[in-house]
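Trainee: Residue-level listing of the chains:
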Amino acid sequence: MLEVSRLTTRYGAISALRDADLHVGSGEVVGLIGPNGAGKTTLLGSIAGLLSPAAGSVTFDGTDITGNSPEKLLRLGVALVPEHRRIFGDLTVEENLKIGGITQSRDERAELLHEMGERFPVLREKRTVAAGYLSGGESQQLAIARALMSKPRLLMMDEPSLGLAPVLVDVVFELIETLRSQGRTLLVVEQNATRMLEVADRAYVLRSGEVVAEGTGAELRERADLFDTFVGGNGQ
Amino acid sequence: MTELLQNLIDGLGRGSIYALLALGVAVIFGVMHLLNFAHGELITVSGYVAFWTISEGWSWYLVTPIIIGTAIVTSLVIERVAFSRVRGSSDFTLLLTSFGVHFVVSAIFLLYVSASVKTFSRPRWVTNTYSIGSLHIEVFDTVVIGVTLVTLLATSWLVQRTMFGLALRAAAADFDTARLMGVRSDTVIRGAFALSGLLAGIAGVFWLMRAGNTVPSAGIAPMLKGVLAALIGGLGSLRGAVLGGFVLGLAEVLLRSRLPDSVASLTEGFVFLLIALLFIFRPQGLIRVAHAERV
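Just so you know, the protein sequences line up as chains A and B, in that order.
First residue of the first sequence: 5, per my numbering; consecutive thereafter.
First residue of the second sequence: 97, per my numbering; consecutive thereafter.
Worth flagging that the hints you see were computed from the coordinates, not collected in a lab.
Here a beta-carbon is modelled for each residue, glycine too, at the ideal position from N, C-alpha and C.
Fair warning: there could be bad hints in the mix.
Coverage of chain A stretches by chain B, computed from C-beta distances (three or more under 8 angstroms per stretch; other residues unrestricted) [what the hints assert, rightly or not]: (1) 72-79; (2) 94-100; (3) 103-114.
Please build the complete structure, drawing on both the sequences and the hints.
Mentor: Encoded structure:
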């Protein structure tokens, strides 16, 4: 479904990502793990059109989408839940969701809104509240629900568990499990490598802008050498 | 008391036009972080269109929609020709570009039309007044205030209740994330310029009805009023811009009527002094915008 080939992205003279190869099949849950500054966010940003790659290519369902704008990619079915959630704090919860569904027809949007209300009761409860007042866990749910409003075929998430209390981290991973059981295709960046490897079909390990390992969750869990270098065991 | 009430009405009339101008400036600043020093050029261009059509004998009823249309089209053309090329550049680049547009537009009229003042007839009712008790109210002010109220309500509906308005607010808060949600940057930016042009067009009709003339540099005064009012209100806040417009209008009227005759001609200077004082004590303007600085 998604094919990333020799992707390189630079900030000025610094290559934040070098020759990255990656692929995600339909219905797969793929993890991207690695230490801070490994280029994980850069990789997602380059796929989603937030950053312009200097070299390499990204194909989605056989179409070359390298360097496409985020709004175009969203219409093709690629959605990103950005790092730090980036909720519109001044807009209400419902308005945030509506923006997520801006590409849908009015009826479709109403239906999706209803669906999100069922799946995330707390969002329905607080639909008229300014999203800036939500707790960390609530706003993470909103960020994911907002992305789901576009009916994405590939959903990318950047650090969905970052900054959440342990019990909320569980909620996020349960949600990933749920999405996976619905047959959704996910590409998830996570610091919490241990947890990610439990839910992922496959994962890639990034370090210093390069993909240094790839394998199934089970395979990578046994590569103690990789873990020691960046998570000191478990990423908390 | 009567005098104060009189000032209030005069100030509201004047402030209405400033509010429309400031709202146009604030809409653009919100989505693009562009402080548009070319905003007044919409009125310069509209002014010449008014001059050409009215000297052909066209009535103001016909010219009014033409002026508004001209302002919208001019706004979109300026976006296309100038601002679309510097999208995403630093705020400073955008600011300089807007200065450039201002100079180019006035230069075009200076070179290809004339440097002299072009006058055109004003609608007859502009100078009419009526009295309520001891208050003398201009028909013009009444129309201005009424039309402005309707325009502000319609704009508020557009911004608060439509998907376009939602996209505009989302883009103003966080442009990249809005795009990730599928908000088309072209749609939002062109929409903002069209809205800004519409508001400037309505303000322009009143401005030109009152002035009855135009020159190549005619855009400077309305631009200054719009930009200042938007700054007073707290840049980026739409409500603030409207408030800033009314505050500026009232301040001008109050100063002009209260200052001793010998210094009344310095009203503008006193207004600037007040604005300077405002920024010393409240640099964020009257209404603070939490997300004014995009990362």
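Trainee: Now tell me, hint by hint, if it's right for this structure.
Mentor: How the hints compare with the structure:
1. 72-79: Held - the segment 72-79 of chain A has 5 residues with a Cβ nearer than 8 angstroms to chain B, which meets the minimum of three.
2. 94-100: Contact hint for the segment 94-100 of chain A vs chain B: holds, 3 residues under 8 angstroms.
3. 103-114: Held - the segment 103-114 of chain A has 4 residues with a Cβ nearer than 8 angstroms to chain B, which meets the minimum of three.
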